[in-house]
Amino acid sequence: MAKSVEQLDRVVIRIAGDSGDGMQLTGDRFTQETAMFGNDLATFPNFPAEIRAPQGTLAGVSSFQVHFADHDILTPGDRPDVLVAMNPAALKANLGDMPKGAILIIDTHDFTDRALARIGWNSNPITDGTLDSFQVHPLELTQMTLDALESSELSRKDAGRSKNMFALGLLSWMYSRPTEGTLAFVEKKFANKPDIAAANITAFKAGYAFGETTEAFAVSYEVKPAALASGTYRNITGNLALAYGLIAAGQQSKLPVFLGAYPITPASDILHELSKHKRFGIRTFQAEDEIAGIGAALGAAFGGSLAITTSSGPGIALKGETIGLAVSLELPLLIIDIQRGGPSTGLPTKTEQSDLLQAMFGRNGEAPVPVIAAQSPGDCFDAAIEAVRMALTYRTPVFLLSDGYIANGSEPWQVPDVTTLPDLTVEFATEPNGDGTNGGKVGEYLPYLRDPQTLARPWAVPGTAGLEHRVGGIEKADKTGNISYDPDNHDFMVRTRQAKIDGIAKSLPPLVVDDPDGDASVLVLGWGSTYGPIGAACRQVRTSGAKIAQLHLRHINPFPDDLGDILARYEKVVIPEMNLGQLAMLIRAKYLIDAISVTQVRGLPFKADELADMLTSVINTGAVNTESVNS
Amino acid sequence: MAKSVEQLDRVVIRIAGDSGDGMQLTGDRFTQETAMFGNDLATFPNFPAEIRAPQGTLAGVSSFQVHFADHDILTPGDRPDVLVAMNPAALKANLGDMPKGAILIIDTHDFTDRALARIGWNSNPITDGTLDSFQVHPLELTQMTLDALESSELSRKDAGRSKNMFALGLLSWMYSRPTEGTLAFVEKKFANKPDIAAANITAFKAGYAFGETTEAFAVSYEVKPAALASGTYRNITGNLALAYGLIAAGQQSKLPVFLGAYPITPASDILHELSKHKRFGIRTFQAEDEIAGIGAALGAAFGGSLAITTSSGPGIALKGETIGLAVSLELPLLIIDIQRGGPSTGLPTKTEQSDLLQAMFGRNGEAPVPVIAAQSPGDCFDAAIEAVRMALTYRTPVFLLSDGYIANGSEPWQVPDVTTLPDLTVEFATEPNGDGTNGGKVGEYLPYLRDPQTLARPWAVPGTAGLEHRVGGIEKADKTGNISYDPDNHDFMVRTRQAKIDGIAKSLPPLVVDDPDGDASVLVLGWGSTYGPIGAACRQVRTSGAKIAQLHLRHINPFPDDLGDILARYEKVVIPEMNLGQLAMLIRAKYLIDAISVTQVRGLPFKADELADMLTSVINTGAVNTESVNS
Amino acid sequence: MTADLGLKAKDFKTDQEVRWCPGCGDYAILAAVQGFMPELGIPKEDIVFVSGIGCSSRFPYYMNTYGMHSIHGRAPAIATGLSTSRTDLSVWVVTGDGDALSIGGNHLIHALRRNVNLTILLFNNRIYGLTKGQYSPASELGKITKSSPMGSIDNPFNPVSVALGAEATFVARTLDSDRKHLQSVLRAAAEHKGTALVEIYQNCNIFNDGAYEILKDSDTRDDWIIRMEHGQPLSFGATNDDGSFGKAVIRDELGNLTVAENVGPDDSRLVIHDAHADNPAYAFALSRLQSLDTRYSPMGVFRSVERPTYDQLMADQLDTAAAKNPAGPDALASLLAGADTWTL
Amino acid sequence: MTADLGLKAKDFKTDQEVRWCPGCGDYAILAAVQGFMPELGIPKEDIVFVSGIGCSSRFPYYMNTYGMHSIHGRAPAIATGLSTSRTDLSVWVVTGDGDALSIGGNHLIHALRRNVNLTILLFNNRIYGLTKGQYSPASELGKITKSSPMGSIDNPFNPVSVALGAEATFVARTLDSDRKHLQSVLRAAAEHKGTALVEIYQNCNIFNDGAYEILKDSDTRDDWIIRMEHGQPLSFGATNDDGSFGKAVIRDELGNLTVAENVGPDDSRLVIHDAHADNPAYAFALSRLQSLDTRYSPMGVFRSVERPTYDQLMADQLDTAAAKNPAGPDALASLLAGADTWTL
Ligand SMILES: Cc1ncc(C[n+]2csc(CCOP(=O)(O)OP(=O)(O)O)c2C)c(N)n1
Ligand SMILES: Cc1ncc(C[n+]2csc(CCOP(=O)(O)OP(=O)(O)O)c2C)c(N)n1
Ligand code: SF4
Ligand code: SF4
Ligand SMILES: [Mg+2]
Ligand SMILES: [Mg+2]
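Sequences listed follow chains B, E, H and D, in order. Heads up: the first sequence runs through residues 0 to 630, numbered per numbering that gives the first Met the number 0. Heads up: the second sequence runs through residues 0 to 630, numbered per numbering that gives the first Met the number 0. Heads up: the third sequence runs through residues 0 to 343, numbered per numbering that gives the first Met the number 0. Heads up: the fourth sequence runs through residues 0 to 343, numbered per numbering that gives the first Met the number 0.
It is possible that some hints are incorrect.
[Said to hold, decoys possible] Listed next, the stretches of chain E that the computed footprint assigns to chain D, with coverage defined by at least 3 CB atoms under 8 Å from CB atoms of chain D:
(1) 50-58
(2) 267-273
[As the list claims (entries may be wrong)] In silico lysine-lysine, DSS-like type, Cα no more than 27 Å apart, as pairs:
(3) K9(H) / K192(B)
(4) K323(D) / K478(B)
(5) K192(E) / K131(D)
(6) K91(E) / K478(B)
(7) K156(B) / K192(B)
(8) K7(D) / K179(D)
(9) K275(B) / K323(D)
(10) K323(D) / K192(B)
(11) K192(D) / K142(H)
(12) K188(E) / K142(D)
(13) K91(B) / K440(E)
Keep in mind that the hints were calculated from the coordinates and are not lab data. Quick caveat: nothing in here was measured; it's all calculated off a predicted structure. Even glycine gets a Cβ: it sits at the ideal position worked out from N, Cα and C.
The shape of chain B in the complex, shown without the other chains (with noise of 0.2 Å):
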């Protein structure tokens, strides 16, 4: 039966099970597939804490999400069109999010009164109406997975595990998705298991096959490649971004690389894939704990690496009196925050935007470090090296946050040209920098003698003959470094501190906002990840025929010198937070402007939609009065 083939801009697809089931695996394959094909996409891991939570469970359930389209887009979409769900559970805990009309794909080999009952359906909601307003495939999609493996060595229970396989083959059926890609795959990741490759691939035709031949499908669907800048691309996450940062970093600083860590979700992917490059001269240090972490890293920066410690919020906390001492010695040192629910352990595997204040001031006394915040995966690329160019350059400890939504998000990204990556040579110090008149005889090496631009102290690393010097976290003479009481002293190295990262804003280049006719009254501030969604609501106020200006800030300490007037031209400046306010808070200290906080502390990123509301209501009534966004 040749079927039609229908025409879409854009498409948003989750597929949900067990955690056992899968999902994420099948979740980036469809990803890899669609990225493959050119779309622009933009995808939405979302798991539970547990390993393996017990299975048909609600807690149990992962699901990912991915959208793609033939323009350029921001989010993994606020409402799926398509789920496929293959349990009761997941059907139960997605359902809420599914708009009326969507389709829903479910596999109903567990929908028995049993499974039904323990995630409290008393009837089956395929039969009993529930879904009356979507539609709905329900299929045996285990049962065929099952039969398409009948000839199989597995056993009943492996063969079964391929149902998501089968899942993918059909979805990519339904999307006209390249399938070589998934094909190779599968070979490569069971090279060692080939009856289990052999098992998967099975499947996955047959359900490629299945969608191709049943009745249940009129239809398949076509979204176009969308049409982005020429180059070349890939499909990347935020975590694998910022680590390839971090080693094109290494590689443009020409700095051995080193990374000190303790694992912890969801930063301990950065640790994984560093560990896997040590032909750049990569070290990774799986330290005891956290304080190991940034103190080895510390004391690698001391002997001349390009130092790193990775974590999130728990671990970071931990870190404070470190980051002190690095302040104190003035060192270049990295400290990347992925940040997650909180408060405590919180919620581990959900996003949230809530470490900012805590990078701003989560340590003893006056010891500012520049904070900056990547803001989608792929720029967690660029992040780094900014992160890095500042840490160099300033002889700091400089903060980036990325979060849980956009470390494991993922979405299209340039693959940037590596000659034009900034050089971020270093020059160590080799000779003793007294003259006689500045504060050091001739021949003496004084650690504290700062460049006069950028008030960044020599970076002498040991092996260096005729420098040898003690630093530490006792308060230090200007100049010499050598311990001092003196109350003067202590003052005037407290502010120079501070200069020195307050100077940082002269190198920040002008920021450019999204201000089309550049007669919006309303803006927009941001940070992080939040860019995606915000972007995506200036859109769609902008279709609606308003005006809105967005702007959103990579810098947040120190802010960059023309932020006060560009908050000046508006008249409401609006700041969307996943947490309680902490930009506004540092925004309305500065600036004294009475911004408007919108925050939602849900574990999951803002719907596109939700925000353009609220912007809306602010453009027409100058106040947040939706009920979907607090504020």
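Starting from the known structure of chain B, fit chains E, H and D with the ligands onto it as the hints suggest.
Chains E, H and D with the ligands alone, transformed into the frame defined by chain B:
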């Protein structure tokens, strides 16, 4: 020879010597005599971080300043009227603080060429004219001490050690101090070493007699007792008052007290003090580190103790993660930070107010904690009780900030009538609280069912049958406290925890502004230990005829409800802080007023004089234009 | 001590769904602990389970007692405060090899040296389970994991040796799958006053499956497990026809403990287990018999000696202080006044 | 290894005034270390001293090498990063009993198990000096200090036992006042590849004066110190007229190490010191000979065995990775591109 007695209304004395010379003890004793005499007083000990820095060096100088008066005073004084210098280094290190005409009493024993050269003096300042503008009394204090002890069995070295007592005797005579207390103190302190006791007493009496006899001192002075509010007084340091406040709170709450602490300057004395009072049912646990200190305290809180942890900045930085857990568990816990100079190890024995933002924000996620501050040594008692009230009532960790200045400084303290202390009795949960309609079945215990007024949760301690429950740092469902990854629940819980803390404002008494005529246009706003210097500065300003209003905050988080209205009443708000403007940032962010931040980070309290000049300039010109105070 | 309160294993179950991976060794341990609890003869409300973070640390949610799921590595410190301030409670710590030996190493050794009255159950799966499979301080050298793609270069701890080096008064080891042995060790640990460390070999079937297979496989286990029973020879493996032990721990000429084959029951070199030896050197030597692949794993109680507990010593000081100088009604007032007051 | 670079002790002095209390044992240690440094044959610029916080931790300021005075307890972690990233350097850690065993306990034991190439000098004065005299994890039970007015109830660590429990490859002990012995131990430690822990008994004359008096007093020291020399009998005290040792370490019938009097040189029970014994059980047993009052303190090298260092293992992995797949000029570009790209 009968000498004349001159009447003074106030005197500031500083005694300075090597850190091994017993200057702190001498100062303490003089203070105690002064307290017994009935003057109002304030003290300022100042010593190096080293235990005994090398003798005769500038770095090794330890000093103690006491200000006493026949009226109430607020600070230990800006500039001493009298300096007792036990060696050249002590003279050199302190000379800069002495106003013209001041009295210098100098032990000439160590004024050898070598000792002078060691600190960079090529000639003897006593004879070379350096001291021409002072009233100098060069005395052979050491030699006179040795002479007085000629007949003692002590070695020359040991005998020489009593020179501080000789000096104390002399001062006691000069200022007509009662001496019984000191004699009794020496007897007791050296009860096991009668020869040392005898030597000290002999030296003390010799010093006293020397004053009476010698022609060097033509007059002695008298400072009449101060007319303070009637009551019983004692002299007390901030750390002692704080420890007493904790003991009192234990008694008033009828809870066993548990302190988990790791020693750190300047907080250790609270541990030392509490460890002496086991008879009050107080457990002190010297932990292996700060994390264990707070961890053990939190464990004790779970068990129903009044739990406390004490530290200073670097140690507080280590506690952040556990504070987050306490926020999530919603258990009462006092976190006491005796601030010192930062960042990092900083200036361990010097004062600073730079941990405010760390207290506010130094942990991951949205983890609000009430923050209060003590304003003077005696006030530490009340502050401790208020912190306990908040912790117990709202079931929350509470930050109490003090600092090195008031922790070690002392003042007369009106001993409170214990019958007037607040009742802090706590009601533990004893019965299940589920009623079938409130989210819990009848007979079920809901550990997160909140009091509608305070939003506090019930406190059911182990040992209570039927209330067995589990708590943890993962986000928990409203009411039941079970693990919940539900997005809306998380948002709700984050906001509820914040609302609970914000709601404390309702329980606060109205603020009292010190604005005598109610018509000042400038308000000076402070927190913590700047109370004394700001108050003294305000008096000076008013004495000069100008108007100034003063408001000092006990509660920094949440701000009292009436603060905004008060701030709005003034044209200018000036905020002096020993940091780079931390309270100012919070005030600006919340109230959007252009508060003027005036900062000094010198490890020393503000000088009242300088503050007064600064305030006068604000009153006159609307801006700070004094060189002596940074802004 | 063990009054029969009529409690059953099921009384110790909570209504929370157990959320470990199917097949995880934690299930067996949970069942064994719940099954053992009634024997304690302690009312549920007087029992507290405190844990850190890790798969194993979810344990308290499943125990119908008081409980706290705290933060990573800190459970021994938290439990120290609880136990010391509430000597009436039975305080249990549940922790993993990462939780206890990596981030929490310091708290563990300090609890041990202080001899706080705690029973610490260390679920050792030689891997970080919850964070999805990095090597732990108990993982073998050369182990390939997510964070060690070329093999771990970290020489592991022997948790028993660490504990003995830290002055532990009670150290034992057992296996998730051997419920009887596990419960017998729990029994001994619960009876011990002071810190009892119980290392439980636990299989993580997702990230480190089969780590203890040779101790479980009926073909190998008898040759690899040294079962320790106080007063009994440390013999194992099959007994030969001549009555000699197939394998046994002996003390060689140099005085070292080592495993020998075919040792007669009267061989003077044969070591008779003394769990109560005051000198920990003996237990330490036993702990070194094991090789990294778990060959020759002594199982049972390595050491169990009496020493005053921290909790008791602290309680005694409070009692002494109160007896000497009771804090009567005026005590607070006179404390606050001190010795040197003046009155206006 | 020890090229003579013509360096003298004074080359290792800095212009900073030494700020310990007069009479502090730290002075003697500083002088001994400065006196020993030239022997190392390593240029000053290749030497780094890293310390934590405490009186002892002021040490780096006085050494004219590279140095870092870090934060409390973290020096082993910081030094691990330095040493691992810079295998060309000679990295020394200076720490105190509080710094190393209290707050820093975890980093210490992890450095030891990893065998990072560090020499750790642990100044043990059994007290917190810098914070003015609280008991430390090395203080005796019952010690009265500022924070333990009724006597400490904390059973102390034996630092040597802790280290051995943590897989230490080199552990030694020496005394501040015995410069020759101290330097001989430094020599052995410096030669060791991996983590060398040197416990130095140090007198704090302000807060814990005389802690080691019986090991210093010429009337008692020979009867209390067990001098360990590899290959020599562990005899001490006076030698009797009949040639027997006044005191010696023997192995008793039960196999335990113990001190006996009047032991003949040929007595089979006499223990001949074997610092290179692979099994740490022997060194551990030695560490237990000491009682809390320092009676029978073994001095010298307890254990010195070879094991690959962490630094080297890491360097090897980097070399292997680079050899297998050198990071040539296009390596970065091809890494960034990965396998699945598309071009527009
Ligand atoms: C401060 C902090 N650091 C890191 C983590 C991440 N983390 C959670 S559990 C864990 C290790 C778990 O290993 P283990 O203790 O062996 O327990 P298992 O899961 O194997 O039972 C880590 C690294 C965390 N939650 N908190
Ligand atoms: C994080 C932190 N906690 C506590 C302190 C206070 N402190 C400084 S040194 C020290 C202990 C010193 O004892 P030890 O390590 O034995 O060194 P010693 O002074 O005896 O040489 C303490 C508790 C600190 N500086 N930092
Ligand atoms: S990851 Fe391993 S330890 Fe964790 S629950 Fe699963 S099987 Fe058990
Ligand atoms: S306090 Fe003790 S350890 Fe510290 S410098 Fe003084 S004598 Fe030495
Ligand atoms: Mg584990
Ligand atoms: Mg010490």
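**Message:** Just to be careful, I want the Cα atoms of K156(B) and K192(B) compared with a cutoff of 27 Å; is the pair within it?
**Reply:** Holds: K156(B) and K192(B) sit about 16 Å apart, inside 27 Å.
**Item:** Given pair status - K192(B), K9(H), alpha carbons within 27 Å
**Value:** 42 Å, violated
**Message:** K7(D) and K179(D) were given as a pair; does the straight-line alpha-carbon distance stay at or below 27 Å?
**Reply:** The hint holds at about 17 Å.
**Message:** Please check whether the stretch 267-273 of chain E has three or more residues whose CB lies within less than 8 Å of a CB on chain D.
**Reply:** holds (count 3)
**Prompt:** Per the coverage rule (Cβ-Cβ under 8 Å, at least three residues), is the stretch 50-58 of chain E covered by chain D?
**Reply:** holds (count 7)
**Message:** Just to be careful, I want the Cα atoms of K323(D) and K192(B) compared with a cutoff of 27 Å; is the pair within it?
**Reply:** 26 Å, holds
**Message:** So if I understand the rule, the pair passes when the alpha-carbon distance is 27 Å or less; does K275(B) with K323(D) pass?
**Reply:** 13 Å, holds
**Message:** Check the hint pairing K188(E) with K142(D) against an upper bound of 27 Å on the C-alpha distance.
**Reply:** Holds, because 20 Å separates the two Cα atoms, which is no more than 27 Å.
**Item:** Agreement of K192(E) and K131(D) with the hint, judged by alpha carbon distance not exceeding 27 Å
**Value:** Within the cut-off at roughly 21 Å; holds.
**Asked** Does the alpha-carbon distance linking K91(E) and K478(B) stay inside the 27 Å limit?
**Response** 23 Å, holds
**Prompt:** When you check the alpha-carbon spacing of K192(D) and K142(H), does it fall within 27 Å?
**Reply:** It holds: about 23 Å lies between the C-alpha atoms, which stays within 27 Å.
**Message:** Given the hinted pair K323(D) and K478(B), is their Cα-Cα distance within 27 Å?
**Reply:** 46 Å, violated
Hints 3 and 4 from the earlier list are contradicted by this structure; the remaining hints agree with it.
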